[in-house]
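Undergrad: Protein chains in written order, with the working numbering: chain A, 7 to 495; chain B, 16 to 137; chain C, 102 to 517.
In case anyone wonders, no lab produced these hints; they're calculated from the structure.
Because the structure is a prediction, the values reported are computed rather than measured.
We put the CB at the ideal spot given by N, CA and C, even for glycine.
If a hint is listed, it holds; no wrong ones were tucked in.
Each computed EDC-like pair below joins lysine to aspartate or glutamate, with the alpha-carbon atoms no more than 20 Å apart:
hint : chain 1 : residue 1 : chain 2 : residue 2
1    : C       : K305      : B       : D92
2    : A       : K487      : C       : E276
3    : B       : K50       : B       : E19
4    : C       : K372      : A       : E310
5    : A       : K375      : A       : D14
6    : B       : K87       : B       : D102
7    : B       : K48       : C       : D485
8    : A       : K182      : A       : D283
9    : A       : K284      : A       : E217
10   : A       : K487      : B       : D102
11   : B       : K28       : C       : E491
12   : A       : K375      : A       : E176
13   : C       : K365      : A       : D269
Reference listing, derived: stretches of chain B covered by chain C, where coverage requires no fewer than 3 residues with Cβ under 8 Å from a Cβ of chain C:
hint : region
14   : 18 to 26
15   : 62 to 74
16   : 89 to 100
17   : 122 to 132
Some chain C residues flagged as far from chain A (calculated, every beta-carbon gap over 10 Å):
hint : residue
18   : L129
19   : R295
20   : I369
21   : L427
22   : E466
23   : G482
24   : K483
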Amino acid sequence: MGKMQEFDVIVIGGGIVGTAIARELSRFKLRTALLEANVDIGAASTKGNGGVTHSGYDPKQGTLKSKINVKGTLMIPKLSKELGFKFINSGTMTLGFEDSDLSVLQKLYKNGLANGVPGIKLIGRDEILKIDKKANPKATMALHAPTAGVVDPFEFAIALAENASENGVEFFRSQKVIGIEKEKNHFVVKTQNNSYKTNYIVNAAGVYGSEVANMVGIYDYEVKPRYGEILVIDKAIGFQLSSVFFPVPGNHTKGVAVIPTPDGNIIVGSTARMTEDKEDVSVTREGISELLKGAKLLVPDIDERYLIREFAGLRPVAINNNDDFVIAASKEVKGFINAIGIQSPGVGAAPAIAEYVMDILSNEGLELKEKEDFNPYRTAIVDFSEANDQEKSKLIKENLMYGNVICRCECVTEAEIVQAIHRPVGATTVDGVKRRVRAGMGRCQGGFCQPKVVSILARELRIPLEAVLLENKNSNIVIGKLKHQEVKG
Amino acid sequence: MNSEILVCIICPKACILNIEMENEKIISILGNKCKRGVDYAEKELTNPERALSSTVLIKGGVLPLLPVRSSKALPKDSLIKVMEVIDKTEVVAPVKIGDIIVKNVSNLGVDIIASRSMRKVI
Amino acid sequence: MEFNYDVVVVGGGPAGLGAAAKAKESGLKVAILERNFELGGILNQCIHSGFGLGYFGEDLTGPEYSERFIDLINEQDIEILLNTMVIEITSDREITAVNKNGLLKIKAGAIILAMGCRERTRGAIKIPGSRPSGVFTAGQAQRYMNLENLKPGKKVVILGSGDIGLIMARRMTLEGIKVLGVYELMPYANGLQRNIKQCLDDFKIPLHLSTTVIDIIGKNRLEAVIVAQVDEKGNPIEGTEEKIECDTLLLSTGLIPENELSVKTGIILNKLTNGPLVNANLETNIRGIFACGNALHVHDLVDYVTKEAELAGQKAADFVRGKTSLSENIEVTPGENVRYTVPNYIPTHIDGAIKLYFRVTKPIESGRIVVKANGKTIFTGKEDAFKPSEMMIFYLTPKVVAENLSDLTVAIKEEK
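Chain A extracted, bound-state conformation:
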């Protein structure tokens, strides 16, 4: 075995929280690493949520969540420009239908004002329909929050990771942490096949946040998953929404929302129930019906014939912390910082969480010296389908692979797929390609392009076709060759 790699900071977990922290750390003269248990980053809770960057009227005033939410969401527009990920500033409307809803909306409105959410307003039916004519006309009132928006959460995480990597953070994937040893002045983080030495650890391990904390003897918080199902509706439904819609919220969740994605789809999500299983993201029949029912209440034109995908995600909830985020340095274990229990509104809050973690690290004695050569910009892979004719011609001239359309539903070219594979923290799986460039995201769900994506992955990664994975370990698409060459003696 070679010499153990040494770092100043190790971030455990490559979801939206971990990648945002890694990117923030990459501003400073530090040796930083990020360890991700899965084959790809952003492939756990991050890929399984609606992508709304909430305005922040919902978290109870005075909580950590409320402060971080409002601040983080306001950072998103600028970040989206810096990092080249899509963000639509759609705003949200929480629709009320009955008189009893009014008091709930008023309460939320007041809470929002107290949280310092800019621009929120209670509006009536005319204004609702002016903002989005697809809203249920039976809605009589709404809380409108104009600062909210929507991102592709995995695109956001990938953008953060790529930029962090380009600024020197080392990413190690398929590295599930199985033990942490606290030595006198440092930690040794052990994975199944490696050990890493570090002075500081940021625990951003999502639903496994408490397991990782337990490894250093911290038992203060228990993180449990809140399971939620989500539906994706085809662009072919023929309309797009201009706003995110919520119903009047329930006890722990914001209810079934209808969300326009930055790519022109509509998603419906999510159901919500606490669970013990940290792996099971199976979708249920009841969940699908509940979502469709909820969606039609907000946007009656939602039509289930245009469903193209159903999936589920797990939100990490710190159950003994009043639903609040846990972002703090451990008092007992010096150098260990938790960023756990980051359920909704984690996506919008992520940039502010990262800044907050920097303050904590600094307080804990980590010296944050800014790099002179930090590059905050990341350019997205050029989206062929969005380019105009002239740009398309130019792209093909510069790179012939732009002339080879692989995914016909989303018009994704070979050039984009190859870039997705070779970028920093690049795609190594079929779903990894899908999350980066949308191949297979459309209505045929990879029916046509999956075999082609498999061969491009095999070619670019120099692995056999049968070694190509869908997503997780052992999720090989095919199991081997059908016919074998005779071994001639």
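Mind docking chains B and C on chain A? Use the hints.
TA: Chains B and C alone, transformed into the frame defined by chain A:
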């Protein structure tokens, strides 16, 4: 006397054939819309046959596999045996449609032939 | 790069090939735009036989059928652009396509849409459960096996009794892959009877009707599916659940015409078929744009596709040569027990016979075609059996359609 019901598979019409038999001989067939139904029933009840298609490995072709088929229908119970031969066969591009890939496969008097042309990859 | 052709065919599968060959007979300048590296379309992976009985009177495999047309096309002066993806068609018949030579702008006298169809996905049929690898559409598995020499799995469950699923059951069995059973939601099989016989019965593969997959199990690779019987409404019946261990699930649950391009052009689709609404010339609502094959409606036999494509090719050529005129049309409405008809419009006066394709909504053991016009029955057919899996053809002749029509309904009257 006994009766058999068969679904004719000669064409997509899939006529249902009601067959009366005596001493393993067909006395009458009802339900067939054309004469081929009679031939099929006779064949199916005495010596059932099936066309076989599969693929063989091909070297230097635009694809890794060449589709092949039996030149005539094969006895139904020989299919697995013939598949074993096909699975061990490998050819080299170029191949023309109809080329014999395995002559007189398993001594059944039927050839395995190429069911497409495949050019050599340049 | 700019090009001009009299007739441009989008898609080089059986429909595109048939249409192009026919259009060329009129001596016009014809081009085919094909996204794959070779012509032939999905037929190239359909290595089984059963093609050509109607058109050639011979039993051919898919590649053999397509090669006949490819040879025919190659003998003629037809421009073939391979590896070329059409990304836009305007209503004034300008096509934007891309290939490695760049962005192509192609002006066409007439356009024939022959893009084929795609398979219904897991998402569209809403199967609950986890999302492991090992869940394929039947055609996808067919491609892996027949074109790429890859083995999808070892133990297979097939959902849906569509023809591709049945064909794949046999194909996999012959290659030593265990097919555990075919499960069909409906109380009847969706594929052709001959395929049930020679693809399932021959290999003792069970077909379970009124049964469906209600859960998918496995985090990484598929580990099992849960099947259950369903009631008349298609809802699972409690207590009938059965867990079947398998590493592969094939979905053969229907095909949908591919018309993303058509919709962007402004072509109106028939909600019953997902293909364009067409008149007797197979012309869409946009003048000079025609449709045929599985892009128009899903066929069960390629022979019908070719016939239909030839009509589209002929009419597109006639259009370019100014030989078609705008005639007054009436709507053809599917009546009782009829799911859809193609075409959707016919002229008020017809000179020759018009082929009317239709499908029934449910199996009918005995029934008669009844054609009504202006509220009156104008034709009653012979007693016959009808299956949803079989596309039916009815000839509307000038004799049947003698009077001045305002509407026309085609129904099947059930005989008890």
